[in-house]
Amino acid sequence: MDILFLLIPLSVVLALLIIGALGWAVWRGQFEALEQEAERILHGD
Amino acid sequence: MQTAPSLPLLSAGPVPPAAGSATPWAALDEPAEWEGFSRPAAGREGWWESCLAIEGMHCAACALTVESVLRKLPGVDAVQVNGVTAVARLQWQPQATRPSAWMAALRQAGYGALPAGDLLLAGNRQRAQRLMLWRWLVAGFCMMQVMMYAAPAYLAPAGEITPDIRALLGWASWVLTLPVLLFSCWPFFAAALRDVRHLRIGMDVPVALGVLIAFGASTAATFDPASPWGEHASYDSVPMFVFFLLSGRLLEQRLRDRTAGALEALMRRLPDSVERQEAGGSFRAVAVRRLVPGDLVRVLPGQAFPADGDVESGESRVDQSLLTGESKPLLRRAGDGVIAGSHNLTSLLLVRVRRVGAQTRYAEIVALMEQASLEKPGLVQLVDRIASPFLAAVLLAAAAAAWWWWPFGQAHAMAVAVSVLIVTCPCALSLATPAAMLAGAGALARRGVLVRRLQALESCAAVDTVIFDKTGTLTEDRMDVVMAYTPAGVDRDEVCERAGALARQSLHPVSRAIAARFPVNASAPGWVASEVEEVAGRGLRGKVARLDGSDARYLYLGSAAFCRAPVPGRDAPVPQAHLSDGEHYLAGFELDEAIRPDAAQAVAALLQLGVRVQLLSGDTGQAVAHLARRAGIEWCFGECTPEMKLEHVRRLQREGHRVMMVGDGMNDGPVLAAADVSMAMGQAVPLAQARADFIMTGNRLASVAALLAQARRTRRVVRQNLLWAALYNAACVPLAIAGLMPTWLAGFGMAASSLLVVANSARLARYPREN
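Respectively, the protein sequence lines represent chains G and L. Mind the numbering: the first sequence is residues 0 to 44 in numbering that gives the first Met the number 0, read in order. Mind the numbering: the second sequence is residues 0 to 770 in numbering that gives the first Met the number 0, read in order.
The set of hints was computed from the structure by calculation and includes no laboratory data. In this text the structure is predicted, and so the values were computed from the model without any measurement. Keep in mind that a hint or two might mislead.
Said to hold, decoys possible - To spell it out: a stretch of chain G is covered by chain L in this simulated footprint if at least three of its residues, at any positions, have a beta carbon under 8 Å from a beta carbon of chain L; those stretches are:
1. 8-16
2. 19-27
Said to hold, decoys possible - Not the full set, but computed from the structure, chain L residues with beta-carbon under 10 Å of chain G:
3. S67
4. V137
5. M143
6. L168
As the list claims (entries may be wrong) - For each label pair, taking beta carbons as the anchor points, the in silico distance ranges come out as:
7. G:L16 - L:L608: 55 to 65 Å
8. L:P73 - G:R39: 18 to 28 Å
9. G:F30 - L:G631: 47 to 57 Å
10. G:V12 - L:G215: 24 to 34 Å
11. L:W403 - G:L16: 39 to 49 Å
12. G:H42 - L:E34: 28 to 38 Å
13. L:D309 - G:E38: 55 to 65 Å
In this text, a Cβ means the ideal position worked out from N, Cα and C, and glycines have one as well.
Next up, chain L with everything else stripped away, as it sits in the complex (with noise of 0.2 Å):
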């Protein structure tokens, strides 16, 4: 790295979508993007029925709000806006409305509102909310009044009932056992069954087993008060234990969907779009779903392509890196392929698509890594090996309890069974992890950083150094030119006007910043530029002219070497472009880049954790250590290639430390991948979205703190719950084998200790907290 200071051309800061047509939303009013989130209404000619979710609401008067504005809209009608989810339904006529006018009024009240095709089926979710919530109050009410018919037998003097109003209570008891039995109970028997077809043994099954064997042995007590099993029927045991085990259940259901809420709603988007060739030759921003193959499309520099397809005309390099680990740009010309995901670098491509959507190789590797996230964490699997032989040994268990106290009566032996049965359901330790995990992550959606992997989040509490990248990750994502000069003799205001029409060619945020202050038409008749090429790292060279053709020049832009002529010296922490026209120095620019307000801060956060800080950039030393200065990092590291950045990343690992790497997600796809943990900022590309294992969505730099504290929060409830569940099962064994549990306490035993769990992990949903 002895070359000259090179401009961050390569570190290139996150890049936004090509400015598409006038708003955001009009991609939603093309017909072929409705049914991304709308049906056909049913039953209704014409009419269609989209959901949203409303972003901005707080209360249930925001939705009474959001109601009134969509109804004032022509052409919308039945609209319903759910204040707790934050969801509004609602039917409108294709002739009298778009979706863009729903958007902009929306908007216009203060609301903002994403399409959400998921939610058009969360009915299913609703329903199954519904049921549970009805099999539980059937569960709760029958208990009760099964109760009072069971209070008399327990209060009454012996001999005081007669043994006809005694039958009475038992079978008024019976008619109300079978609702709690037949449908409370309904989703154990058919978990239970299931896993008896697939010859294995689930949670449910004991649970089943011991309903059944506790309600048989009762209805075998009062249809025939002679039979062994004595005439005291236990009913009050089956619905007070259903009710506590659907209590536990209901809790459950809801944390999961709350969270799971929390996380779909971060995954929604506005569709991404790319400048499609239209019919009249001009290009036009259209939804990338909307392509077919043939079509054409025009890829800058910094963007991602769209789709696979060929090269039409332009010749440009590819970084290929995040799909084929290929880590070198490769160059592309007419002709040659390019594929889906991959990255235009250096200049403007037209590119003829071939294959769009799931054909192409992008979304097979999409698809192989939603795959991957997918497996479940490694403690769950520990979990899930012990839970098979743990749940044969408690069915043993209970045989030979049954066995040991059948000599002492059998309705007493068939009691203890059921206890046995009921006590060790290893629920808690079945949630113990996962339920700590997704109110882990559930807190951290809300707070502005997406989980991708729940893996990660439990590697991510032992990770003693972080590394940031410095582009696009401490600073934002912009530059400012702060201060441009020019040697003597030279017209200041064209050369710089100039330059701006050069850099409107690139993307990079030096050429940004240089094209945002020197527009093009600053003088008659504006400039233009041709034969742009970008060198990743460099900078730019083309030819510049007049935009009647006149008074072309071929000019340079970029770093020092890269112009080809002496610089004058001039030192400064900052990043510098120049301009020249291969002999002589025309122009020199600085540029400075904007620290995030609360970089310094979220150092100081992550220093108080006791976490190692460093900072990584392909930016020169000076300016590196600038930055660090102001950010509070001490050990920083400048004009790193994204090779000595993964050595880098590999030497600390192989000292034993746990590395997270934060960056833009653009260049850092091999590094991030490396890195112990992962984060990328929510502006990055959306392939590096799905290389990273957290997603930063608020681009608030203090998240990194507060995922690293939520990571060991996580742990450390993990840990408790763990131990709990262990603990319960050690002690209320012994007991419930013994016959000094009753059924009922089983009951509540098992349906507390799983409670406990779940109310142990939404402590988590608490943090962290909102500043």
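Isolated chain G (complex conformation) (with noise of 0.2 Å):
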């Protein structure tokens, strides 16, 4: 039970770090323009 005492804070360090993660992906705008992306592979230049 004692290992509770450790992976309790640890997971809450963990949803902090995604939380921030998430931000990032927004801010890249990796949420936007989902299906150009995806074609620019078919697109020899």
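Mind assembling these two chains? They're in different frames, but the hints should get you there.
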């Protein structure tokens, strides 16, 4: 049971990191123009 | 109206701006125009950054094609094309390239483009969207995580979890609720704070209050388990209902941005041009925006004045009816003032510009109109009026419920109060009307109908009579000479060429048809007309001579009465123009208007909607009846003056009918304004556009029926929305006060009711279907 005293705070830290990662993805435009980027590979330049 | 049949000169069709320089984009190459859609690129000396709205893009692959087209151009760099918004951003060097070059390259690749300065500012909208998405993701993720921490408390048998583990779980939940409260909830707090500062109650006040109370109670329970708040903290409910609320807001924002984008896209256009005298004395088309006081401009009959100014030379009649309400054309000669937005009717004028842009009377009037168009629809105003007392009642009800439940346990009392605060948020009520109207307007915009006033969409649903104007509305703005005849002994070619030379001086459809059919230089050395005067509604007169000045004759071209010569009796249900020299009849021209291909279909669709269709025109009764038969309209009335049209509309309104007027917008200004709802054809002059409630940008008559159907659907959806919102509140408030609604369910119910309203409204976006 003692391990919970480490794991629960760890999960909180992890959750905060993930929130940051979501922000990074949003501001990098990862959720915009989804199809266009998928097509780019078919568009030989 | 016993006068001889006259040409429909008064009901002139829409007139395009004078043909400008080589390409329609040339005006964009002038540095003064760049500011409209570009700005100096940040951090790159000598580079500009521009935004273009691309037309004709259908898929993600198109975006990549456009991107590579633009990239290949010399001097163009940093090209980004967004396939969803159809927007291209690029940087360019003025030394190496010009905007018209990109336009031409895109045209060649099969795409259209319009300068879109407004999109340079759209960065703000993108920021707002991203921020909202992040808030929503944070709320969703924290909700998940907090739920995990809460699960043991629900699942484990009492006493199985040690107090220290329970406290640890509580702290973990508290830490992960903080980002939700401080970041995700911020829009609610900001709005509530604004409302409180202005001493009013907005929708977000109860929400913010509910969130704060729930969080406060849970905090107390966590850090002081011995407190009366009990040891059972309800963290899980805060992130959950914040997540639900944000889901509703996010969808609402997406819908609104999409609609706004569709509406804005239609407002973009190439700059209007005007013929200005250059240093050398020649006239050249320049963008209206480039005019400065002191410029000399040439304004042809049928054109609008681009600025306030004084007549330098020429004499003409001027229609100011749209601006001043003066219905009679006014005579303007050298020294008189003319105002921007009024129309030159009869002959060419040279005007010295006095005031331009925002200083003109026209700009002031347009500003007034725009102010009026910001008016909220009546239903929205009603809801806004109800909302404030309603919210005050909600706060009171929450306080009363808390007071009632207090003796049964503090924590429970607070939970009930929070439920009441959250569940009654009248978001659905206040969204009901604007969401539906915006969705309806957005769908119409994509279909080629621009809604100028949302309010009109409301009145449009009640329309039971549609009145069409004829020229330029039911018919195309183009006429063709189908027959030219001359009496015996007249040189047919010669008189026709003279007629062509005379007709070139006017922009009226009949004149244009004659001018197009008979070019002035068919026989050397060509013809030239001088001293030309156009009499509105009647015809043209002027001297026509050979280019070298020989062989001059004073000629009349117009209606039979205008020509002052005996006209051989010819009976044809089509417009006719006659040419005489004042004594002798020289030639007659039969013209036919090309009826719009979808006119009959559009009329049939309107009749199917149960609407009466009428045709009013200034043209001869015969010609009008002929056209009405072809279009399938039973009730028609010819030889109407604008005053008669106005009287007719007023009479119908007195009889209790709701009238919609569809016109070309040029002479119909007063009638369009008098009708309950007005619609103008897209090529109409800009001022008429400002005056009509709806603009038909696609020039498809079928959109009239589509508009009516859409307005009725919108009204139905608005009523459904209002009914739903009212029912929802009536059912949920008592439940919450009775303590039967947990907080999370309250949040869910509130968000669900808003979403239902938004989703119901979004159904409108599917109509009218593309054919």
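Results for each hint:
1. 8-16: holds (count 5)
2. 19-27: holds (count 4)
3. S67: OK, holds: S67 of chain L within 10 Å of chain G, min 6 Å.
4. V137: holds, 5 Å
5. M143: For M143 of chain L, the interface hint holds, since the closest Cβ of chain G sits about 9 Å away, which is under 10 Å.
6. L168: holds, 7 Å
7. G:L16 - L:L608: 55 to 65 Å: Given a distance of about 59 Å, which is inside 55 to 65 Å, the answer is holds.
8. L:P73 - G:R39: 18 to 28 Å: holds, 24 Å
9. G:F30 - L:G631: 47 to 57 Å: Once the Cβ atoms are compared, 51 Å apart, the range 47 to 57 Å for G631 of chain L and F30 of chain G holds.
10. G:V12 - L:G215: 24 to 34 Å: Given a distance of about 25 Å, which is inside 24 to 34 Å, the answer is holds.
11. L:W403 - G:L16: 39 to 49 Å: holds, 45 Å
12. G:H42 - L:E34: 28 to 38 Å: For H42 of chain G and E34 of chain L the Cβ distance comes to about 34 Å; the hint holds.
13. L:D309 - G:E38: 55 to 65 Å: holds, 58 Å
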